Amino acid sequence: AQSVTQLGSHVSVSEGALVLLRCNYSSSVPPYLFWYVQYPNQGLQLLLKYTSAATLVKGINGFEAEFKKSETSFHLTKPSAHMSDAAEYFCAVSGGSSNDKIIFGKGTRLHILP
Amino acid sequence: EAQVTQNPRYLITVTGKKLTVTCSQNMNHEYMSWYRQDPGLGLRQIYYSMNVEVTDKGDVPEGYKVSRKEKRNFPLILESPSPNQTSLYFCASSPGRVANVLTFGAGSRLTVL
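Just so you know, the sequences run in chain order A and C. Mapped onto my numbering, the consecutive letters of the first sequence carry residue numbers 6 to 119. Mapped onto my numbering, the consecutive letters of the second sequence carry residue numbers 13 to 125.
Any given hint could be a false lead.
With a straight-line Cα cutoff of 25 Å, these simulated PhoX-like cross-link-like pairs (lysine-lysine) come out [as the list claims (entries may be wrong)]:
| no. | chain 1 | residue 1 | chain 2 | residue 2 |
| --- | --- | --- | --- | --- |
| 1 | A | K106 | C | K77 |
| 2 | C | K30 | A | K74 |
| 3 | C | K83 | C | K30 |
| 4 | A | K74 | A | K106 |
| 5 | C | K69 | A | K111 |
| 6 | A | K106 | C | K81 |
| 7 | C | K29 | A | K106 |
| 8 | A | K54 | A | K74 |
No lab work stands behind these hints, which were simulated from the structure alone. Owing to the predicted nature of the structure, the values given are computational and were not obtained by experimental measurement.
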């Protein structure tokens, strides 16, 4: 079985500052991991995914995430926040190529302070 | 344009009045799924389908039905809606028979009075 925990339902950072959104997972098989972003009044869009290749994954809009098996973590980072990054971010896990479910975390709303 | 289309986008209805939310994808995806999004609870899976005529329950299936008669369509049916089904609903699809990268619809906001 898989599960996801996102630490912090709300995170605020200043424009230009580092963005760090935390995600820890639990999986009984090698996982696939995802970060999705939801802008206001829109559906979710894929930011990036990890599928057992490189542990550092680069996504769209300057975001990246690092898979750390020893810490069961998949934290999302961006070196310099932009006002347009304000959105809700969801971490998700699936049980790899043999699994038919994706489990989502509860989401973290990112606020960008001017 | 590759997309998942949901209708209606907004709906206000009353308790007990049957309704259907349609979902259609134009990407020839085999996997389709319905989620509901509630504040503080994230996205929870209602039902999913790995292929035509194959559907299975997700985490919160009570009060919902689905069907998959055609590959492109996956309607969500609320036979007798209740106020606790007031929520934001998303349909999503993925290539292949398993859940991988999902493409989401824009969402359907349902209010049951």
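Each hint, compared with the structure:
Distance check on the hinted pair: K106 of chain A and K77 of chain C sit about 18 Å apart at the alpha-carbon level, within 25 Å; holds. This hinted pair does not check out: K30 of chain C and K74 of chain A have alpha carbons roughly 47 Å apart, beyond 25 Å. Restraint check: the Cα-Cα separation between K83 of chain C and K30 of chain C comes to about 24 Å, which is no more than 25 Å; the hinted pair holds. Taken as a hint, the K74 of chain A and K106 of chain A pair is honoured in the structure, with Cα atoms around 21 Å apart against an allowance of 25 Å.
In summary, the hint linking K69 of chain C to K111 of chain A is supported, as the alpha carbons are separated by about 20 Å, within the 25 Å threshold. Between K106 of chain A and K81 of chain C, the direct Cα distance comes to roughly 21 Å. Compliance with the 25 Å bound is thereby established for this hinted pair. Taken as a hint, the K29 of chain C and K106 of chain A pair is broken in the structure, with Cα atoms around 30 Å apart against an allowance of 25 Å. For the hint linking K54 of chain A to K74 of chain A, the alpha-carbon distance of about 15 Å falls within 25 Å, and the restraint holds.
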